[in-house]
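Position chain E relative to chain Y; hints supplied.
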Amino acid sequence: MKIIKLIPLLFLPILLSAQVEQGDVLIKNGTVITITDGIKENTDVLISNGKIKSIGEGLAAGDDVRTIDAAGHYVMPGIIDAHSHIALDAVNEATNVVTAEVWQGDALNPFDVGIYRALAGGVTISHAMHGSANAIGGQCQTIKHRWGITDQYDLMMDGAPRTIKFALGENPMRVHGERYGLMPRTRMGVEQVFRKAFSEGKAYMEQWEKHSANKSANAVAPEYDIRLETLADILKGDILIHCHSYRADEILMLMNVLGDFGVNKICFQHVNEGFKVAPELAEFGATASVFADWWAYKFEVYYSTAYNAAILTKNGVVTSINSDSGELIRHLYHEAGKSQKYGGLSDNDALKLITINPAIQLGIDDRVGSLEVGKDGDIAIFKNHPLSIYAVPQYTIVDGIVRFDINEDPADVRMDIDPEETAPAFFEQGGHDHDADGCMHGVFEQLFEKH
Amino acid sequence: MKNLIYIFLLILPGISFGQQIAKSEQGTFLLKNGTLVTVTNGTKKADLLIKDGKISAIGETINADNNTSIIDCTGKFIYPGFIDSGCNLGLSEVGSVALTQDYNELGSFTPHMQALTAVNPNAVAIPVTRVNGVTAVFTKPSGGRFPGTGSAISLHGYTPQQMYAGFSGVIMNYPSTGKRNRWDRRSAEDIKKENDKAAKELTDVWSKAILYARIDSAAKASSKSKEGYNPGMDAIVDVVNGEASILIEVNKATDIKAAIKWATEHKLKAIITGAADGWRVTEELKASGFPVITGPVLATPSRNSDKYDTPYSNAAKMQKAGIKIAIRTNDTENVRNLPYHAGFAATYGLGKEEALKSITINPAQIFGIADKYGSLEEGKMASLFISDGDPFETKTQITKLFINGWNVPIESRHTLLYDEFLDRDPGLESKK
Numbered sequence: 001m002k003i004i005k006l007i008p009l010l011f012l013p014i015l016l017s018a019q020v021e022q023g024d025v026l027i028k029n030g031t032v033i034t035i036t037d038g039i040k041e042n043t044d045v046l047i048s049n050g051k052i053k054s055i056g057e058g059l060a061a062g063d064d065v066r067t068i069d070a071a072g073h074y075v076m077p078g079i080i081d082a083h084s085h086i087a088l089d090a091v092n093e094a095t096n097v098v099t100a101e102v103w104q105g106d107a108l109n110p111f112d113v114g115i116y117r118a119l120a121g122g123v124t125i126s127h128a129m130h131g132s133a134n135a136i137g138g139q140c141q142t143i144k145h146r147w148g149i150t151d152q153y154d155l156m157m158d159g160a161p162r163t164i165k166f167a168l169g170e171n172p173m174r175v176h177g178e179r180y181g182l183m184p185r186t187r188m189g190v191e192q193v194f195r196k197a198f199s200e201g202k203a204y205m206e207q208w209e210k211h212s213a214n215k216s217a218n219a220v221a222p223e224y225d226i227r228l229e230t231l232a233d234i235l236k237g238d239i240l241i242h243c244h245s246y247r248a249d250e251i252l253m254l255m256n257v258l259g260d261f262g263v264n265k266i267c268f269q270h271v272n273e274g275f276k277v278a279p280e281l282a283e284f285g286a287t288a289s290v291f292a293d294w295w296a297y298k299f300e301v302y303y304s305t306a307y308n309a310a311i312l313t314k315n316g317v318v319t320s321i322n323s324d325s326g327e328l329i330r331h332l333y334h335e336a337g338k339s340q341k342y343g344g345l346s347d348n349d350a351l352k353l354i355t356i357n358p359a360i361q362l363g364i365d366d367r368v369g370s371l372e373v374g375k376d377g378d379i380a381i382f383k384n385h386p387l388s389i390y391a392v393p394q395y396t397i398v399d400g401i402v403r404f405d406i407n408e409d410p411a412d413v414r415m416d417i418d419p420e421e422t423a424p425a426f427f428e429q430g431g432h433d434h435d436a437d438g439c440m441h442g443v444f445e446q447l448f449e450k451h
Numbered sequence: 001m002k003n004l005i006y007i008f009l010l011i012l013p014g015i016s017f018g019q020q021i022a023k024s025e026q027g028t029f030l031l032k033n034g035t036l037v038t039v040t041n042g043t044k045k046a047d048l049l050i051k052d053g054k055i056s057a058i059g060e061t062i063n064a065d066n067n068t069s070i071i072d073c074t075g076k077f078i079y080p081g082f083i084d085s086g087c088n089l090g091l092s093e094v095g096s097v098a099l100t101q102d103y104n105e106l107g108s109f110t111p112h113m114q115a116l117t118a119v120n121p122n123a124v125a126i127p128v129t130r131v132n133g134v135t136a137v138f139t140k141p142s143g144g145r146f147p148g149t150g151s152a153i154s155l156h157g158y159t160p161q162q163m164y165a166g167f168s169g170v171i172m173n174y175p176s177t178g179k180r181n182r183w184d185r186r187s188a189e190d191i192k193k194e195n196d197k198a199a200k201e202l203t204d205v206w207s208k209a210i211l212y213a214r215i216d217s218a219a220k221a222s223s224k225s226k227e228g229y230n231p232g233m234d235a236i237v238d239v240v241n242g243e244a245s246i247l248i249e250v251n252k253a254t255d256i257k258a259a260i261k262w263a264t265e266h267k268l269k270a271i272i273t274g275a276a277d278g279w280r281v282t283e284e285l286k287a288s289g290f291p292v293i294t295g296p297v298l299a300t301p302s303r304n305s306d307k308y309d310t311p312y313s314n315a316a317k318m319q320k321a322g323i324k325i326a327i328r329t330n331d332t333e334n335v336r337n338l339p340y341h342a343g344f345a346a347t348y349g350l351g352k353e354e355a356l357k358s359i360t361i362n363p364a365q366i367f368g369i370a371d372k373y374g375s376l377e378e379g380k381m382a383s384l385f386i387s388d389g390d391p392f393e394t395k396t397q398i399t400k401l402f403i404n405g406w407n408v409p410i411e412s413r414h415t416l417l418y419d420e421f422l423d424r425d426p427g428l429e430s431k432k
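Listed in order, the protein sequences are those of chains Y and E.
Sequential numbering from 1 applies to the first sequence in my numbering.
Sequential numbering from 1 applies to the second sequence in my numbering.
One chain only, chain Y, in its complex shape (with noise of 0.2 Å):
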């Protein structure tokens, strides 16, 4: 037990290496879409050393602090994103059904141009998520937008808590079932899946306890195991889960399972059969982040509606919108638009699905989400409405610090350059993969690539 108490001192040196540069910025006579407290006009922000110190009109700084003259402009919270891939070197640990050990901590890449595109469509946080290739997948990291820093550590939003990847249905099916011939091949399977895993990180967890207790000298302990212990850490509702899901009948199994082990923390992903259930979701507690419009790609999202986030809003459902794409998480303020066509959800509302919202499925809405003293200073400032077509985000600023200023843009902001590359490369376009959802990257490309 010792030695695991010892394992977080191991990480000491990267969480402390985590104290990135804040900044201080006073944004002047913006209108002030705060969320949590209605919507102030000429209004100003102030970021003092990262966070927001206060609200209100005709406030003032030193003359080093740098101002931002936001009148006609809307100012709101920097977007968050509960799902994406961005800043990914790795998606998809796909060699066996329960990886729960794995981290995308581990994988994360500063360097990837997505970060910028990201803040330059206003997202200051996301939520660098782990594929959907196994039922269990790895663990999560909440990354803010720090684009210029090179460190990989200095990505992560210190103090987020822990979160981790399931999937559930096809994904899991077809590469655990159907290419290598491993349970699950049904969605019969998946469940057990979940039931094993579980049941093994309780009895882990028991013998630790016990062990624990037993005052004896000569007491051996339990043999270590960094998955079982995580699966227990689920169990003991240390880590937050986000779930990959598509279907009704998967989403109420989750729930049932997560209700026998006494697991209530959960937030469903994509979850675009959720409007079926959103009753169930409310009750249990559980939470969705869907996309705004994205369905028929595969079977399991055939019988879709767009207007999944408006049905499960109004049902009492926190629920966010999020990209699970590099080109989406650009205009997610376009996309939270979207549940305003699709059921008329009032502006705060609309807004709500990429801002506080999201924040409380990561568990940091106590740091970011809204426009308040003492939270944060991450904030986008958009010419136009942000749920306007017309919108175009202008600055957007991570812990105080400008990190997206229209007005000083580069064509090129690339940090690293391959230096075999005489031209950089040009991708093909298309719209996006009509056969996938981002949660596959990697595994096609690693295992099942056609040469």
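Accuracy of the hints is not assured; some may be wrong.
Unchecked claim - 27 Å max Cα-Cα, derived DSS-like pairs, lysine-lysine:
no. : chain 1 : residue 1 : chain 2 : residue 2
1   : E       : Lys197    : E       : Lys208
2   : E       : Lys320    : Y       : Lys383
3   : Y       : Lys314    : E       : Lys395
4   : Y       : Lys383    : E       : Lys45
5   : E       : Lys352    : Y       : Lys383
6   : Y       : Lys314    : E       : Lys400
7   : E       : Lys317    : Y       : Lys383
FYI, nobody ran anything at the bench for these hints, they're computed from the structure.
As the structure is a prediction and not an experimental result, all values here were calculated from the model.
Okay, now just chain E, sitting in the frame of chain Y:
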């Protein structure tokens, strides 16, 4: 008995009947007091009469007879239906299920594959698309050098022939020197080798095609029948002769230049499609006189070194250089987002008016169907919609939809699921 059926039809929308969409109705409709955004003749308050499938009159005050249904459009806007100038709509039902995909036949030279043959008039995505104001699309095959022939279709009808909107064009994928995607590990040398090979194959195919076209016209002149069966060559004879359109998909700057040179040398009636790098070669595109169908606008830049807004601003840069442009989604199930692709282009330099043209009159002109579609004008087909605001704005609702004069219900799988599940009954088991 007939009356009973009508009563039944009236109450039908209230019943969830296995998720069926209500029938469209045809007739004479007078749209009163709307703001007409005609595209070709400005914006004005006027009445619009729909009769025999066409816009039969536009005027300050039009009187209705007894057989005319009057639709009050006070405070509302009337737009010509939007046209997506490039997509796979109707050719794919479920993205990951290969057997539901009909846009990619085997082989590299298959210009005789007809998209119109495989269009499923009952594809679930069609109503989903049209309720957002998209009334026609150019749906096309893809993959291979000459994957087939695409067709413009109206998004209403029960057979492909009923849907056909009067234009078909051969698709060509010009040899590319770009990477296929981010995981394309081919070296620059390998890409060049493959491109050289593709260029040589193209030269060979085209010399054969020219020869075939000569034989064809000689045979026609002497009214002799040609020997052998060669449907591929037959499909491109008119293209070789410069009489039929060829849509050339090409995206990288150097490839666009090469494609322009090739099409010009062969005196083709070319339409450049894709053109992700169009903004880099505006001079060459302008000089060629070829129109450009570009998009998707909502796309990531093609190079890591490109500015984040490159795909947003590309259309504007080409339009400002004097090139005729149309905007496409290149999508399947989300062709409904066409107004947003145009809206982003409008925001990033194109402006509302030109953006509107790029999804109405411009594609109609490029496809040679502007006598029927693309604007609100007397005599054109009544493919239009009524909205409560600017249709580029995300929150705007479309309240009525007409396609070729048919009053099409604003219903799709997505709206029907909303109606059924917003207040689900029974709700929670435990509360019953």
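- request: Mind checking the alpha carbons of Y:Lys314 and E:Lys400 for me, to see if they're no more than 27 Å apart?
  value: holds, 26 Å
query: Is it true that the CA of E:Lys197 sits at most 27 Å from the CA of E:Lys208?
result: Measuring from Cα to Cα gives roughly 17 Å; hence the hint holds.
query: When you check the alpha-carbon spacing of E:Lys320 and Y:Lys383, does it fall within 27 Å?
result: holds, 23 Å
27 Å Cα cutoff - pair E:Lys317, Y:Lys383: holds, 21 Å
- prompt: Are the Cα atoms of E:Lys352 and Y:Lys383 separated by 27 Å or less?
  reply: Holds: E:Lys352 and Y:Lys383 sit about 17 Å apart, inside 27 Å.
Y:Lys383 paired with E:Lys45 [C-alpha distance capped at 27 Å]: violated, 31 Å
query: Would the pair Y:Lys314 and E:Lys395 pass a check requiring their Cα atoms to be no farther apart than 27 Å?
result: Distance of about 17 Å is within 27 Å: holds.
Violated hints amount to a single one, hint 4; each of the other numbered hints is respected by the structure.
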